[in-house]
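Novice: Using the hints, position chain H against chain E.
Chains E and H, in that order, are what the protein sequence lines are. Residue numbers for the first sequence, in the numbering used here: 5 to 194. Residue numbers for the second sequence, in the numbering used here: 77 to 378.
Please keep in mind that the hints were generated in silico from the structure rather than gathered at the bench. Everything numeric in this text was worked out from a predicted model, so none of it was measured. Any given hint could be a false lead.
Said to hold, decoys possible - Here are some, though not all, of the chain H residues that point toward chain E, as calculated from beta-carbon distances under 7 Å: (1) Gly131; (2) Leu137; (3) Leu175; (4) Trp178; (5) Leu199; (6) Val200; (7) Leu258; (8) Ala260; (9) Arg264; (10) Tyr269; (11) Gly273; (12) Ser277.
For each residue, glycine too, the CB sits at the ideal point set by N, CA and C.
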Amino acid sequence: MRASPLSSREKVIVVFASVHLAFLLFGVLPASWRDRIHVSAVFRCYERLTRCHQVWNMFETIPNMNRLEARLVVKEEGRKAKEEGVVLPGLRRFSQHDHVRLNNWMVNVIFNSTRGVFREAYMRSAATALLRTGRYTPKADLTLEVIPAYTRSLKGVQTLKEIAVERPSVLGPFPLGTLVGKNPPSQPTP
Amino acid sequence: MKPGTQNLLSRFTGLFLDPADARIYACVRIAFAFVSLLNLLQIWPDREIFFTDVGMVDQELVRKYTVGAYLSVFDLCHGVTSVSAYLLFSGAGMLLLLLGVWPRLAAGVVYVWYVSYAMRAPLVLVGWDEVLRCTAFLVLISPMPACWSWQSRKARQGHAPVPQVPRYGLTLMQVQLAAIYLHAVLARLDNEYWMSGDFMSFFLLSHNARWPGLWVLNYGLVLKGVTYLVLLMELAIPILLMVRRWRWYGFAAGILLHAGISLMSYNLVLFFLSMVMLYLSFLQPEDMDWLEERRLQRPKAR
Chain E
5 MRASPLSSRE
15 KVIVVFASVH
25 LAFLLFGVLP
35 ASWRDRIHVS
45 AVFRCYERLT
55 RCHQVWNMFE
65 TIPNMNRLEA
75 RLVVKEEGRK
85 AKEEGVVLPG
95 LRRFSQHDHV
105 RLNNWMVNVI
115 FNSTRGVFRE
125 AYMRSAATAL
135 LRTGRYTPKA
145 DLTLEVIPAY
155 TRSLKGVQTL
165 KEIAVERPSV
175 LGPFPLGTLV
185 GKNPPSQPTP
Chain H
77 MKPGTQNLLS
87 RFTGLFLDPA
97 DARIYACVRI
107 AFAFVSLLNL
117 LQIWPDREIF
127 FTDVGMVDQE
137 LVRKYTVGAY
147 LSVFDLCHGV
157 TSVSAYLLFS
167 GAGMLLLLLG
177 VWPRLAAGVV
187 YVWYVSYAMR
197 APLVLVGWDE
207 VLRCTAFLVL
217 ISPMPACWSW
227 QSRKARQGHA
237 PVPQVPRYGL
247 TLMQVQLAAI
257 YLHAVLARLD
267 NEYWMSGDFM
277 SFFLLSHNAR
287 WPGLWVLNYG
297 LVLKGVTYLV
307 LLMELAIPIL
317 LMVRRWRWYG
327 FAAGILLHAG
337 ISLMSYNLVL
347 FFLSMVMLYL
357 SFLQPEDMDW
367 LEERRLQRPK
377 AR
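Pulled out of the complex, with its shape left as it was, chain E reads as follows:
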């Protein structure tokens, strides 16, 4: 047990560490539980200040996606549609296993209904990149094709001997010129 009184430095340490300890202990509660408690505003304020977000809902939701493919499809009038990669810059192909962070981008942007504004921004950037290649005209139509395969129920997998079912979705088609017009790019290079 300490015999001497605390020095000023020690007092600062105890106060600061106590605050952070209380913050961490409150952070044990899931976000939905915290919001019901009055001090959650103070918690969020401290969280924002320190940037130590306490959301640890690792695999809280069921991982129900078996695979995910995504591609850009560009169609010039009277020509066969061409496929391009979705990764910018460079229009590289997306690989779910190689791009773990981009997979999160897909989930956060493409599959999140509240992030439409980010999808639009992406489509504009993709259109700009496609025009810069010089392979397409502004009249060409751009579509983002996303093909997630969702895991069936365990009973369904057992019965059908098939793990997942594809549920493709598309964003578009939009004329490249219209997309770029909303966000004027620098002069395209052939």
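Specialist: Chain H in isolation, oriented as in the chain E frame:
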């Protein structure tokens, strides 16, 4: 003040002010810097995709939708050259932290890096980014004794005694680790797949799995058991680690849990390392003595 209250208060302040072995801080510092470097190396090939104006994340939109102030060094970096320069600068900070050269400054640089890229590209963050950012804050505020560092080489040669420093940084890291596990378990209580025990089957059929396939169905009962075992381990690990004589069981359980996850999943090795890094805060002086003895014995054996 009553003796009972005084005793309680003294125990509480002891959580933060009791002396701790400086080598444990050094161990955490080195591990944190090393994992941060690995994380940076993983991000490096995709820096243009995440952080430049021609990439996948629009900085102006992110700024607009950021809750609170948008504070990111990437505000000054728009092209691949400036982004690369900033990544190299941050990498240099991690290297200095690893070596223990100007450790406080280096820890500041590393913390700013974590905050900056989390703000710039919140849509591409993964679980271990959060672990590393929270640890960066704790490393920054922790004591930085000159121990196991470039600067302490002379002291080490002279067999100087191990410095003692207040243990508040280690205490907070320990609580942070416990908070991660307990939060994860509590958040899953409402989830029917976790509660029914089907989680692990779905996980092994998902894109996260290294070997997804119909074979999973043959082990339904075993995987139910594994699902519950994961929850149990996440509850037990903090307790095992906090009881001094059980801590090695805690280490073993944690390493088994995360190594298992890493083995069965794609791309989760950095999560494994980020979590194990926090385990180091539970080491005790005798563990460090053992480690140093082993290290000192090796040259003699030659």
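Novice: Next step is simple, just say for each hint if it's right about the structure.
Specialist: Now the hints, each set against the structure:
1. Gly131: holds, 6 Å
2. Leu137: holds, 5 Å
3. Leu175: Constraint on Leu175 (chain H) not satisfied, violated at 25 Å.
4. Trp178: violated, 21 Å
5. Leu199: holds, 4 Å
6. Val200: holds, 4 Å
7. Leu258: At 5 Å from the nearest chain E Cβ, Leu258 (chain H) passes the 7 Å test, so the hint holds.
8. Ala260: holds, 5 Å
9. Arg264: holds, 5 Å
10. Tyr269: holds, 4 Å
11. Gly273: Since the shortest Cβ distance to chain E is 11 Å, the answer is violated.
12. Ser277: Status holds, d = 6 Å.
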